[in-house]
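Residues per chain are reported as follows:
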Amino acid sequence: MSEGVQASPGVPRGGSRIRDPRDFYGGLALIALGVFALWASRDLPGMHGFAFGPGTAPRIFAIVLIGLGAVITGIGLVTEGAVVERYEISGPTLINLAYIFAVSAQTFTYKMVALALLVLGLILSVIGLMGPKRNLVRGPLFITLSVLIFAVAIRPLGLVIASYFSILAAAAATPEVRWLEALIWSAVLAAFCVMLFPIALNLPLQLWPTNLSWASLLSFR
Amino acid sequence: MTDLLSNLALGFSVATSGMNLFLCLIGAIVGTLVGVLPGVGPLATIAMLLPITFGLPPVGALIMLAGIYYGAQYGGSTTSILVNIPGEASSVVTTLDGHQMARQGRAGPALAIAAIGSFFAGCVSTVLVAALGAPLTSVALMFGPAEYFSLMVLGLVFAVVLARGSVVKAVAMVMMGLLMSMVGSDIETGQSRMAFDVPELSDGIGFIVVAMGVFGFAEIMRNLEQESSRSVVHAKLTGLMPTWPDLKASSGAIMRGTVLGSILGILPGGGAVIAAFAAYTFEKKMAKDPSRFGRGAIEGVAAPESANNAAAQTSFIPLLTLGIPPNAVMALMVGAMTIHGIVPGPQVMTKQPDLFWGMIASMWLGNLMLVIINLPMVGVWVRLLRVPYRLLFPAIIIFCAIGVYSINNAPFDAVMTALYGIVGYWLVKHDFEPAPMLLGFVLGPLMEENLRRAMLIARGDPSTFVTRPISGGLIAIAAFLLVLAVLPMIRSKRDEVFVESEG
Chain A
1 MSEGVQASPG VPRGGSRIRD PRDFYGGLAL IALGVFALWA SRDLPGMHGF
51 AFGPGTAPRI FAIVLIGLGA VITGIGLVTE GAVVERYEIS GPTLINLAYI
101 FAVSAQTFTY KMVALALLVL GLILSVIGLM GPKRNLVRGP LFITLSVLIF
151 AVAIRPLGLV IASYFSILAA AAATPEVRWL EALIWSAVLA AFCVMLFPIA
201 LNLPLQLWPT NLSWASLLSF R
Chain B
1 MTDLLSNLAL GFSVATSGMN LFLCLIGAIV GTLVGVLPGV GPLATIAMLL
51 PITFGLPPVG ALIMLAGIYY GAQYGGSTTS ILVNIPGEAS SVVTTLDGHQ
101 MARQGRAGPA LAIAAIGSFF AGCVSTVLVA ALGAPLTSVA LMFGPAEYFS
151 LMVLGLVFAV VLARGSVVKA VAMVMMGLLM SMVGSDIETG QSRMAFDVPE
201 LSDGIGFIVV AMGVFGFAEI MRNLEQESSR SVVHAKLTGL MPTWPDLKAS
251 SGAIMRGTVL GSILGILPGG GAVIAAFAAY TFEKKMAKDP SRFGRGAIEG
301 VAAPESANNA AAQTSFIPLL TLGIPPNAVM ALMVGAMTIH GIVPGPQVMT
351 KQPDLFWGMI ASMWLGNLML VIINLPMVGV WVRLLRVPYR LLFPAIIIFC
401 AIGVYSINNA PFDAVMTALY GIVGYWLVKH DFEPAPMLLG FVLGPLMEEN
451 LRRAMLIARG DPSTFVTRPI SGGLIAIAAF LLVLAVLPMI RSKRDEVFVE
501 SEG
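These protein sequence lines map, in sequence, to chains A and B. Numbering-wise, the working numbering puts 73 at position 73 of the first sequence, and it's gapless, one number per residue. Numbering-wise, the working numbering puts 441 at position 441 of the second sequence, and it's gapless, one number per residue.
Here chain B stands alone, though its shape is the one from the complex:
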């Protein structure tokens, strides 16, 4: 406990240094800005703004990127409530009750509850990250290659199970990602693999290239198909403060949302989007009168908003302790860390305690800043929505192009991003989910390395993954989950005819 306190004290001393405080603020503001604008997800933003952090010290860079991430969760909810446009996928459910509240003239309390819920969730999950950091790191040190491999298999299975739609297609996406990650040089022999003598490919396909293409460009292509008819409804903001009954009604929802979000954030393959959906559904099931939901129930705002913020933060836990990114945004953070010469994993906490604890402390500060800056700035964000998409998307494209180019000074990477944009667009058209692919792509090299090492240690006996207790346990859980996910699919596929898939 004293350890924890002294660690947090170290963290706060790092995070409150003038420079880092400023970067945290910038991150939170930029994140909110991006969160407000629909069609630019946190993933594309982090990828786009990565070059900005090149010149910064590693701690500052990561603090800023983290700020962008949770700022985006936050900004997304503002537009969900005020104008019924979710800025982010993770705040889609907030539109259901949040916008109804706004239409009933209760936009103020809705925004305030979203802010309070997010802040509460942020505080709890910050403590959780700090508390779980040390024990999980010591667990990670006991892991051998076999355990690491099995853990990553479990992570990918989680991603598959939690993905929307067909399990087979999600597994196929993971395989596609793994396969693409094989391009480049072999780790052990240095032999060039599937690179066709293209020098730009000898180091593999860049993660940012794939992420920005599949999530950034593909998203723009999808948006351009629709007529832009964004009417901005003017919701009058009167009285920000929620009433006492409001607070009482939402306190339980905030708690439950925080717990659910924290758990789903830690699980590999989870993340803010799923957390928000799960929290909303849970709240609706819990309610005495479920029919209130969708008509301006304040719990319907409190729960998902707490959950997505909690999940956004706890998803840093597997990354910082085990070095395994649980979702696509964290995978991008791996990229950011690598650029700054940090190898994510258990050694971060012991070798760079200032980075580890500084980042955790900055999360709490960032959440505080979000509450303080954003409630008064709501009007500015809403006005931003009036910028027509035809002006917005060329800016996104050029920032992405410059961003990708400047990572390696390679024009080739920019064109590859465009190609991946088309691939991502195609995937969506054929109902494949790109998120598992990206996770497979990131985990691919790590998985191969650990698989090869484990096999070498076990002298070519693949049963090592099952007979070693920890590894065997992880594989068993993975297999169980997969069976659980596949069984209902096989059963329902037969009579699913004509059932519309949920959008």
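Just chain A, with the same shape it has in the complex:
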């Protein structure tokens, strides 16, 4: 994903050549995504006579996307536009990517990459939480953490524990959180989830931990 591009909201107007930072950085991110897709599909066979190969369509779309991204970037340079609304998502993005790396890791190197991403993401998040944008950091960060807790815990620990802590983490996403209320509300909601999904709807969800081991916890699946 291409979330590495961080638009700085405080781009000086007038003197700067970037007139519309929303378009400028948005276009750059699309170019990056297109290039990434081209790289990811580099091994796929292309046209075979007049028949399309598996790689033909992805390449067409990626190249068009790069072209459009360039146009948008260009528009951002020449026309005046609004400043980017402030946001801070680098931490949660890295944390999500860390999980994806951890799941797909087949080699030790990849596992280390995942770990590094996680640590970096957490550090950035903590810095963000202490900085002036702390209320903007909260939403994306704690929603990410909430889902992550659920994903990691649901298989080994079961629905009750996974949903309780997941809801609790989600509750922290707003600065208006009241902790005692959140603790109770999480329990109520978790109970409701248990009644609704596995019991009323018969979905195959485990309620409590079974066969708990480090291996099952660390497989992240």
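Where hints are given, some of them may not hold.
Using C-beta positions, here's what the derived DEER-type ranges look like [claimed, not checked]: (1) B/A287 - A/W179: 35 to 43 Å; (2) B/S13 - A/A191: 38 to 46 Å; (3) B/G55 - A/V78: 36 to 44 Å; (4) B/D354 - A/L196: 24 to 32 Å; (5) A/L180 - B/M19: 37 to 45 Å; (6) B/T189 - A/V113: 27 to 35 Å.
Honestly, the hints are just simulated from the structure, not real lab data. Because the structure is a prediction, the values reported are computed rather than measured. We put the beta carbon where it would ideally sit given N, CA and C, even for glycine.
We have chain A; now place chain B onto it with these hints.
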């Protein structure tokens, strides 16, 4: 005509079976509930509640999902009128005149007109779906791969043209969606594409994952940025019944709203939101005294409410007859149908007439139920608004997480949803509209398949799309629309400096 009647009779016999009636009711109530709560759109709800329908028979499942959809349109208007908070994007315009009416002590008539308008629109569009179903299906059977491809191009162009803001950015979003839909296995060779050996990606990125992330989670992240200062104004409800002049004033508006909504609903890329806006603007232009609008004109409630309901329903037409979803919610219905083993398209009507006609009949029943249950329950819905957002959103998140997880029993999907939430949040911050992306994402595999087949049949000659009459016509319309949309943009871009974009 007799065919139509016997088909509708079959439909009603399916829809009035105890189980289906019950599911329709549940769908309508849940839909209204969600419609009342701001920040949970119909898309996120359908995605969230999809697992609930796993255990149901396909007909029942689709009846319930459809009920949620039009129930949500309906519930959104209730809060628009009473407390000036649109529950759904499609009822934003209703706040303009609806809430003014409520402040003048005419909340009752406003609600009643919204209900009557919606019901009338629902009846008309139900008949329209039934009447257009058969002819369009026979058209669809004449379509070859080239025609299908061109039709989808037209659909995407519509989505681009109707999207708010820059055309270039909307096209870029479509491309991004198409590109993301390429992840997974190639249809013809089975070769893994851009999946990085992740087993969870070998089947592609789930549609629900993208939809729920970009529309559900991203929306929550946006809402959390704002201070929650939802003051619930207490509007006294006195006298539900509209007066005779009210009815007379709004009857024309209801008709026009219904027609406009029906047309915009069928068009690909359209849908309830655009229909409501268009109907309101049209009504204002038509009026002898436009200054009344915004100050409690009853036409300003009647027209958009009829239009959004009509559009919500007619947007099922392209889905059920051609198998092409015209907007994001219908794209989600495709997902729901696929889970139940139904391939949307012309063959649904011939092979599963009970499903097709049952669903149509249930739409009418659902609309009737909405009127009957909701007017007395207005008080309950308003009280619901007092639930603070800090309690509401964790519930939405956990339901979404469990919902996404239980589709494939894959924790990976839940995390991908969170990632897409961040992507959607980023897109909004950079003024990209996510709806065209989602449509591109859904249509991607279908488009590629038909493109490849058409090219193969034409022995690699791309002119086949232009020389075949139907396909050529569709492409011509698409090109014309695109030029029409781009021209004013290029002209205005030069002197647009400092003009605020409309929120």
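Tested hints:
For the pair B/A287 and A/W179, the beta carbons lie near 53 Å from each other, so the given range of 35 to 43 Å is not met. In this structure the supplied range 38 to 46 Å holds for B/S13 paired with A/A191, their Cβ-Cβ distance being about 40 Å. Evaluation of the 36 to 44 Å hint for B/G55 and A/V78 yields a failure: the beta carbon distance comes to about 56 Å. Between B/D354 and A/L196 the beta carbons are some 29 Å apart, a value that agrees with the proposed interval 24 to 32 Å.
For the pair A/L180 and B/M19, the supplied restraint of 37 to 45 Å holds, since their beta-carbon distance comes to about 43 Å. About 30 Å separates the C-beta atoms of B/T189 and A/V113, a value consistent with the hinted range of 27 to 35 Å.
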